[in-house]
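From just these sequences and the hints, can you work out the full model?
So the protein sequences, as listed, match chains A and B. The first sequence maps to residues 1 to 453 in this note's numbering. The second sequence maps to residues 1 to 141 in this note's numbering.
Please keep in mind that the hints were generated in silico from the structure rather than gathered at the bench. Careful, some of the hints might be misleading.
To be verified - In silico lysine-lysine, PhoX-like type, Cα no more than 20 Å apart, as pairs: (1) Lys133(A) <-> Lys59(A); (2) Lys45(A) <-> Lys55(A); (3) Lys110(B) <-> Lys265(A); (4) Lys124(B) <-> Lys62(A); (5) Lys43(A) <-> Lys99(A); (6) Lys59(A) <-> Lys110(B); (7) Lys49(A) <-> Lys59(A); (8) Lys410(A) <-> Lys397(A); (9) Lys62(A) <-> Lys107(B); (10) Lys143(A) <-> Lys176(A); (11) Lys99(A) <-> Lys143(A).
Claimed, not checked - Chain A stretches covered by chain B per the calculated footprint, using a threshold of three residues with CB under 8 Å from any CB of chain B: (12) 68-79; (13) 406-414.
Since this is a predicted model, take the numbers as computed values, not measurements. Every residue gets a Cβ at the ideal spot worked out from N, C-alpha and C, and that includes glycine.
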Amino acid sequence: MPYEFGEILETIRMTEIEHFDIRTVTMGISLRDCHDRNIEVTKQKIYDKILRYGKQHVKLAKEVESQYGISIANKRVSVTPISIPFDACNAEEFIEIAKILDKAAEEIGIDYIAGYSALVQKGMTNGERELIKSIPFALSQTKRVCSSVNIGSTKAGINMDAVNIMGEVIKLTAEKTKDNDSIGCAKLVVFANAVEDNPFVAGAFHGVSEPEIVLNVGISGPGVVLEAIREAGKVDLQQLSEVIKKTIFKITRAGELIGRKVAEKNGIPFGIVDISLAPTPAEGDSIADILKAMGVENVGAPGTTAALAMLNDSVKKAGLMASSSVGGMSGAFIPVSEDMGMIRAVQAGNLSLEKLEAMTAVCSVGLDMIAIPGDTAATTIAGIIADEAAIGIINDKTTAVRIIPAYGKKIGDFVDYGGLLGKAPIMEVRTISSAGFVSRGGRIPAPMRSLTN
Amino acid sequence: MKLSEEEIREITFEAISELGDKATPEAVKELVRRRVESMGGDYKLEKNDVSTGRVILTSFGLNHPGIVAGVTKALGDANCDIQDLSQKILGDFFTMIMVVDISASQKDLKEIQEEMNKIAELLKIKIYLQHEDVFRYMHRI
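Shown next, in the form of structure tokens:
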């Protein structure tokens with residue numbers, strides 16, 4: 001037999017019991033050729049182009065799923081940051097574009113389309129200003145559109161004017177979608193050092209240096225890593241790192257295979273595999289459980305950041321060995337609402353916003369899917385964004401804030417979205433003010449890259 | 001019959017020392033291939049980068065008579081070629097793994113999977129059919 005009994009059973013166990021799946025196959029479509037002076041023509045061009053490339057996306061991905069016996073949880077589309085090709089539009093026209101994106105997404109049968117975005121780390125054009133202004137309206141009037149704004153980078157510093165605006169935009173988005181637990185905020189990511197090939201919605205967009213069309217894949221598989229760690233038993237941390245790497249190696253290989261096959265079937269180029277450990281609210285599919293299996297009593301205990309750092313690093317090392325097309329975020333995600341273990345840690349009072357912030361310095365993204373009281377000041381949200389962006393630009397890594405100031409809710413309450421977005425307990429935010437600092441505005445200069453102590 | 005890794009390594013080292021300075025990766029590969037083929041029999045170097053029409057069938061369940069018969073009959077009817085079969089009983093549990101070539105079958109993988117789902121239900125076992133590539137990618141470099 002070309003494969004050992006154990007090898008075959010290992011694969012079956014991963015896919016059938018331990019929730020190993022491909023989290024997303026995301027088709028990146030450039031919309032840079034879709035502008036027209038007439039907004040109606042623009043909309044038609046966008047719609048036609050997404051349908052032309054994306055019509056078969058879901059069907060072909062499903063075929064690959066059954067061929068390899070590995071499920072693909074999400075089939076999605078990302079587009080060029082909308083503010084770039086359509087810079088001449090005003091806020092009302094941007095909202096029209098959001099609606100046509102929503103319609104195209106529905107037509108091709110996907111749940112989310114991402115790229116209602118602007119990259120403003122250095123400054124804003126008029127179009128970008130208009131797009132950002134339109135975000136709360138676009139997100140409340142559509143179901144499938146996701147938005148992101150990049151407000152900082154290691155090369156440019158942090159655009160604090162944009163950060164302040166985003167504080168207000170997040171608040172307004174929460175209010176506009178208050179009937180659905182402020183769900184608009186779950187579709188809005190504020191980035192520093194955003195990557196151009198990220199397949200993970202809500203923060204995905206099809207970067208300006210990307211080709212006409214590309215297929216990126218994001219793998220998942222916390223459950224597989226969790227089982228491997230449990231099985232390893234009492235070993236030292238070097239050995240544990242080996243265990244994690246071996247597991248990640250295998251799932252990355254499978255992820256790349258699936259991505260390449262879906263791309264091949266679509267007749268489009270394969271882009272990258274994002275080797276992120278992305279949890280889901282399903283039991284056993286949790287990053288928090290991995291950290292606990294590594295030895296901390298609960299997430300939030302001293303040692304958590306170190307454990308997460310090692311996990312994240314091992315994931316990257318193994319992924320890079322397994323594939324030459326690694327990109328995107330590639331690490332461990334630590335969203336709260338999408339991870340049962342995280343939710344429990346918050347409820348037990350073990351995990352605070354501040355500890356989460358420390359953890360984001362070593363995880364793959366940032367403060368993700370965190371619900372805070374609805375009466376949190378916009379300047380406080382701006383302060384949280386600025387803190388997170390500072391971690392990103394100083395450490396030369398991507399950081400993000402996807403925070404939900406749940407309208408009308410307070411500590412002890414929940415927001416509950418069901419499905420992959422999960423549910424989040426409202427977390428405590430310090431009420432001392434950030435206003436004096438953030439409202440200075442301007443730009444935090446780009447950091448230096450030597451003497452980095 | 002398959003050569004063990006140890007044997008392949010030995011043949012490769014011989015080839016490298018024989019080629020001396022001319023031992024480019026391509027030359028070594030070619031020489032090793034010729035050596036293996038000249039050994040006669042059905043020794044074959046597995047080509048690692050070519051997708052095959054083979055699938056891996058895995059089935060589990062409580063053991064009872066007729067499982068192998070049920071599965072193999074359906075495969076035979078669909079003109080699938082069983083190339084390898086390995087079966088174990090662990091306590092009351094039955095596990096069977098097959099390498100099946102479906103390239104000559106009139107049915108495609110999806111139809112065979114549907115067929116197997118029916119049989120699995122009938123025999124009260126679980127049957128998974130997956131393309132071989134996924135195992136090759138995960139367990140072979």
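Do the hints match the structure? See the list:
{"no.": "1", "hint": "Lys133(A) <-> Lys59(A)", "verdict": "36 Å, violated"}
{"no.": "2", "hint": "Lys45(A) <-> Lys55(A)", "verdict": "15 Å, holds"}
{"no.": "3", "hint": "Lys110(B) <-> Lys265(A)", "verdict": "16 Å, holds"}
{"no.": "4", "hint": "Lys124(B) <-> Lys62(A)", "verdict": "26 Å, violated"}
{"no.": "5", "hint": "Lys43(A) <-> Lys99(A)", "verdict": "9 Å, holds"}
{"no.": "6", "hint": "Lys59(A) <-> Lys110(B)", "verdict": "13 Å, holds"}
{"no.": "7", "hint": "Lys49(A) <-> Lys59(A)", "verdict": "18 Å, holds"}
{"no.": "8", "hint": "Lys410(A) <-> Lys397(A)", "verdict": "32 Å, violated"}
{"no.": "9", "hint": "Lys62(A) <-> Lys107(B)", "verdict": "18 Å, holds"}
{"no.": "10", "hint": "Lys143(A) <-> Lys176(A)", "verdict": "13 Å, holds"}
{"no.": "11", "hint": "Lys99(A) <-> Lys143(A)", "verdict": "9 Å, holds"}
{"no.": "12", "hint": "68-79", "verdict": "holds (count 3)"}
{"no.": "13", "hint": "406-414", "verdict": "violated (count 0)"}
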